[in-house]
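Trainee: Each chain is listed here by its residues.
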Amino acid sequence: QVQLQESGPGLVKPSETLSLTCTVSGGSINDYYWSWIRQPPGRELEWIGYIHYSGSTNYNPSLKSRVTISVDTSRNQFSLKLNSVTAADTAIYYCARGYSGSRVADYWGQGTLVTVSS
Amino acid sequence: QTVVTQEPSLTVSPGGTVTLTCASSTGAVTSDYYPNWFQQRPGQAPRPLIYSTNKKHSWAPARFSGSLLGGKAALTLSGVQPEDEADYYCLLYYGGAQLVFGKGTKLTVL
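Protein chains in written order, with this note's numbering: chain A, 194 to 311; chain B, 8 to 117.
Just so you know, the hints here were simulated from the structure itself, not pulled from any lab data.
Be careful, since some hints might not be right.
Here are the simulated lysine to any residue pairs, SDA-like style, with alpha carbons at most 20 Å apart [as the list claims (entries may be wrong)]:
(1) K110(B) to T83(B)
(2) K63(B) to D299(A)
(3) K110(B) to A281(A)
(4) K113(B) to S72(B)
(5) K274(A) to T305(A)
(6) K63(B) to Q198(A)
(7) K63(B) to S293(A)
(8) K113(B) to E237(A)
(9) K257(A) to T9(B)
(10) K113(B) to P233(A)
Being a predicted model, the structure only gives us computed values, none of them experimental.
Required output: the full structure, derived from the provided sequences and hints.
Mentor: See the structure below:
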């Protein structure tokens, strides 16, 4: 059974870069689509973007200018970088695995809370 | 900006049937939007239930079903159980550029 685990700083200062890593265990990162999804406290889910194991990416247009998702197949990990963060980026960040561009989140990590504050 | 609309809240009695819907600001939802449905209990990560309109994940109980209804995606729960009380989110696919979640429906079993 595939498992995903998010890791990274829980506190980021405004204007800095949020960096998270998702480690995949119980399966290879090869094949599949790997997504980042976030949820501000008490609010709805927001799709951030995904990367295919081949390296092709697709980002939410509203975040595209600030987001980079990358994959490290040798470590079975993929990562999220979101720059120029503000308090509005405070959220639980989830990583997920999917089978296609339209089915992006069949397996989820437990999520990690990232707070943007000075 | 594309908006996906769900009922903010619904209430159903145990053993009853309830249908949650998911509408798109761009027009009628069709199978080309590949609707996904997720259940989220408090403090937990979302759990996928349905993909591609009506395909059920192996772990989803039989009482959950997906469909298209009146230009919307729909999730029907038949024989509702107390443990079905949760938030439910739909996710729509807009071609190669975008995926958008609905704002969610809070389902109360009372």
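Trainee: Now tell me, hint by hint, if it's right for this structure.
Mentor: Taking the hints in turn, this is what the structure says about them:
1. K110(B) to T83(B): Holds: K110(B) and T83(B) sit about 18 Å apart, inside 20 Å.
2. K63(B) to D299(A): Roughly 11 Å separates the two Cα atoms, so the pair holds.
3. K110(B) to A281(A): holds (17 Å)
4. K113(B) to S72(B): With a Cα-Cα distance of about 18 Å, the restraint between K113(B) and S72(B) holds, given a limit of 20 Å.
5. K274(A) to T305(A): Holds: K274(A) and T305(A) sit about 14 Å apart, inside 20 Å.
6. K63(B) to Q198(A): Distance ~25 Å between K63(B) and Q198(A) Cα, so the pair is violated.
7. K63(B) to S293(A): Judged against 20 Å, a Cα distance of about 16 Å means the pair holds.
8. K113(B) to E237(A): holds (11 Å)
9. K257(A) to T9(B): Judged against 20 Å, a Cα distance of about 16 Å means the pair holds.
10. K113(B) to P233(A): holds (16 Å)
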